[in-house]
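So the sequences go chain by chain: A and B.
With this note's numbering as the guide, the letters of the first sequence map in order to residues 24 to 290.
With this note's numbering as the guide, the letters of the second sequence map in order to residues 202 to 776.
Hints were generated in silico from the structure; no laboratory data involved.
The reader is advised that the hints may include incorrect statements.
[To be verified] So these bits of chain B aren't anywhere near chain A, every CB distance computed over 12 Å:
| no. | residue |
| --- | --- |
| 1 | A290 |
| 2 | D324 |
| 3 | L330 |
| 4 | A368 |
| 5 | F452 |
| 6 | F579 |
| 7 | G583 |
| 8 | M667 |
| 9 | F692 |
| 10 | V698 |
| 11 | S759 |
[What the hints assert, rightly or not] Distance ranges between label pairs, derived from CB positions:
| no. | chain 1 | residue 1 | chain 2 | residue 2 | range |
| --- | --- | --- | --- | --- | --- |
| 12 | A | I267 | B | A455 | 55 to 63 Å |
| 13 | B | V509 | A | V109 | 39 to 47 Å |
| 14 | B | S677 | A | K227 | 13 to 21 Å |
| 15 | A | A260 | B | G457 | 40 to 48 Å |
| 16 | A | V109 | B | I714 | 50 to 58 Å |
| 17 | A | Y176 | B | G457 | 48 to 56 Å |
| 18 | B | L282 | A | V34 | 23 to 31 Å |
| 19 | B | A455 | A | V109 | 43 to 51 Å |
| 20 | B | T439 | A | A275 | 50 to 58 Å |
| 21 | B | F513 | A | V109 | 20 to 28 Å |
Glycine included, C-beta positions come from ideal geometry on N, C-alpha and C.
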Amino acid sequence: MLAAPSAFAGVITPEKGGSPNADDIHTLYVIVLIIAIPIFLLVEGVLIWSLIRYRRRKGGPQPAQIRGNTPLEISWTVGAALILVVLGVITFVYLDDIGNPPASLPGGFQGAQFATIDQPSPPRSGGPTLRVRVNGQQYLWRYEYPDLPGPNYSYYELVVPTKTTVVLEVTASDVIHSWWIPKLGGKVDATPGYVNKTWFRISKPGRYVGQCAELCGPNHADMRAVVRAVEPAEFEAWLRRHRIDILEAQQALAQQRQERARRGDVQ
Amino acid sequence: MEAATVAPSDAVRAVRKAASPPEVVMHGLRPAPRGWLSWLTTTDHKRIGIMYLVLTFTFFLIGGVEALIIRLQLAQPDNTLVTPEAYNALVTMHGSTMIFLFFVPVIAGFANYLVPLMIGARDMAFPRLNAFSFWTLLFAGITFYASLFFHPPAAGWTSYTPLSDDAFSPDGGIDAWILMIHLTTISSLAGAVNFIATIHNMRAPGMTWGRLPLFVWSILIYSYLLVLALPSLSAAATMLLTDRHFGTAFFDPAGGGSPLLWQHLFWFFGHPEVYIMILPMFGIVSEVLPVFARKPIFGYKAIAASTVAIAFLSILVWAHHMFTTPTAEVVLAFFMLSSFVIAVPTGIKIFNWLATLWRGSIEFKTPLIFAAALPGLFVIGGISGVMLAIFPIDWQVHDTYFVVAHFHYVLFGGGAFALIAGLYYWYPKMTGRLMSERLGKLSFWLMFIGFNATFLVQHSAGLSGMPRRIYDYAASSGWGDYNLISTIGSFILGIGVLVTVFNAAWSLKRGQIAGNDPWHANTLEWFVPSPPPENNFDQIPRVRSLEPMQDLRAQVRSTQGQPAGTVAQPVAPTR
Chain A
24 MLAAPSAFAG
34 VITPEKGGSP
44 NADDIHTLYV
54 IVLIIAIPIF
64 LLVEGVLIWS
74 LIRYRRRKGG
84 PQPAQIRGNT
94 PLEISWTVGA
104 ALILVVLGVI
114 TFVYLDDIGN
124 PPASLPGGFQ
134 GAQFATIDQP
144 SPPRSGGPTL
154 RVRVNGQQYL
164 WRYEYPDLPG
174 PNYSYYELVV
184 PTKTTVVLEV
194 TASDVIHSWW
204 IPKLGGKVDA
214 TPGYVNKTWF
224 RISKPGRYVG
234 QCAELCGPNH
244 ADMRAVVRAV
254 EPAEFEAWLR
264 RHRIDILEAQ
274 QALAQQRQER
284 ARRGDVQ
Chain B
202 MEAATVAPSD
212 AVRAVRKAAS
222 PPEVVMHGLR
232 PAPRGWLSWL
242 TTTDHKRIGI
252 MYLVLTFTFF
262 LIGGVEALII
272 RLQLAQPDNT
282 LVTPEAYNAL
292 VTMHGSTMIF
302 LFFVPVIAGF
312 ANYLVPLMIG
322 ARDMAFPRLN
332 AFSFWTLLFA
342 GITFYASLFF
352 HPPAAGWTSY
362 TPLSDDAFSP
372 DGGIDAWILM
382 IHLTTISSLA
392 GAVNFIATIH
402 NMRAPGMTWG
412 RLPLFVWSIL
422 IYSYLLVLAL
432 PSLSAAATML
442 LTDRHFGTAF
452 FDPAGGGSPL
462 LWQHLFWFFG
472 HPEVYIMILP
482 MFGIVSEVLP
492 VFARKPIFGY
502 KAIAASTVAI
512 AFLSILVWAH
522 HMFTTPTAEV
532 VLAFFMLSSF
542 VIAVPTGIKI
552 FNWLATLWRG
562 SIEFKTPLIF
572 AAALPGLFVI
582 GGISGVMLAI
592 FPIDWQVHDT
602 YFVVAHFHYV
612 LFGGGAFALI
622 AGLYYWYPKM
632 TGRLMSERLG
642 KLSFWLMFIG
652 FNATFLVQHS
662 AGLSGMPRRI
672 YDYAASSGWG
682 DYNLISTIGS
692 FILGIGVLVT
702 VFNAAWSLKR
712 GQIAGNDPWH
722 ANTLEWFVPS
732 PPPENNFDQI
742 PRVRSLEPMQ
752 DLRAQVRSTQ
762 GQPAGTVAQP
772 VAPTR
């Protein structure tokens, strides 16, 4: 039952398939939907049936002059409350798995560190995670791996290793943005002055796309986010190359500036 | 007051002596202004009510046109109909117009017209304050729309900081928005105080709290909620104004402020605002359903009590709009549970309406059809609301088209359908003529089909990742079909609304004469002629039950020995 609607992901249920938290949110949503459907059918059914069955007809029965029914009213109040208690319990059952980052899978990236979302409590199942600082700016995302040798910043596309729990520390430097990759779990607001956290753990290499989910100015619609997941070994290679690229670019910049200063173009 | 009130038997006697009404002749008075001047200077709650309704429905049409332009822009991927700046301005104007200039004040319009009539009063408690409320609203609208000629605001109807701060929105549009907020707040607060004073003090003899019509209950709670919630918005808007112009840093993290403070203050107003808008709609449904089902309302006390319960709970749920902000999980859990609790009294209302229809003798007039649509459509918004209250689910669907669909099911499917039910129901009282049933039913089906076509697919667009407030999307996103359906639906919906607008204009001169009580209704506004005279009641009947008109009918039946066609106060012979 819970697996069946997977074909409907993105149509009547949220996206899933990239990370366990997205899958858990999807499952929670499907459970709520399954509880909601009978309530929906009951209300619509009684409404439509009453409208048809009790429409005014010549020689029809007199309307029943009922002003209330205390046992009935108490029972639907209690019934509605019970359904919500059930929903609350189910939510709390899933909450831990959705909110707290689990350990990386075997074969994950080795350079990862300990971290947790809800500090100071320790990570639930222990194990290393990869920390990424995400900074929203009009209209792009900037990424940095604070625990890996730098400089290692990048823009637009976030490269991460598979099988590794990645904890994002999300903030913004101008207006509020919102980080969201639907297949990798829920969104978190990037708010200036605050650090907001979320996580994902990707099993399959691939590109996962999303876009800013908080109105951030005229080009809000163009503020895209891409996560590219690669095998841990490939990630290490990419990181090494990326670092060298940045260092070379910085060197080239320094040389250019010195040359232009010699020519008197710049100070 | 006391001298003017009469026992029901006296009222009935008055009905029978219709040929010779009492007459008071006044001397030395200035003649009442005529023509347009009479509208400018009026303090009559009915005329103010009508001006409110005309003005707010005008704003509804303007906001609707903005919505249609938004839908046109989104009809296909990579569309270039409007610029990104204009799109954000349209989104902001649409939301702000519908909330501040249409929905809240349109309720004030209905309430102005109806509350004194329903409680058996001759006017509002403070008639001049009432006129002040209306004119302030007009100037709020002019202030806001004047920004079209400069730079319209473009930070969304929520005007989140820092986007709305001077660094990111240096133009005057946000200032126009702030001033509109202040003016509508003054207007609404003055109106709320007036309703509270009127309902507490000016009820007809015998109209105890247990006999107060449910619409009046909802207006009383609407008023109290306005008084509780609006100051928070005013304070926030003032702080934003000083941040923008006088160097304060309430919302600027660089100066030690917090962008989250804005969100807390805004939503502390913003969530009660939802119930400010929807509770009176519930009130309209609670009036209309029993009249056309020919049954008393089921569970009067439960409906009245749930209105109070919803209002109380509504001030405890604001942060469910902030589930994606950096906030501790325990806080999120609290607001999830408080939002759950509010679903219970809301559910009670829906069950009570279903039970009111059950075993009735339902007459399919236009007001009934529109009112019966509310439980059917609102339940969809209610269910998606419970889903949104579950904060891990909200993390996925927050700020997407799922939310857009949710609140349109609540405020359009629930709200606007009930509002139009109220329009068809009370139009004959206001104008003396019935609106066309045929056009009314045509309008209903166009609106019902158009509404669902517009908003049902938006759930799917949101679930597949489409955020709100984006001016554009790529063809590869797969959202093209949803948006095309939605745009087609929105135009069907728009035509449906225009049919009702046309109906209202056409029926003004050509509608069937309504008489005092065309629906055979329950409440006191149907006791007076349509349209009512300036003083409303020559004699105020004593109220003995929730359905005073039925008592009066029974009385006429027992004294005259035959069913009463209409029971109404005598009409003064025209000279």
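**Asked** What hints, given by number in increasing order, does this structure fail?
**Response** 1, 4, 5, 6, 7, 8, 12, 13, 17
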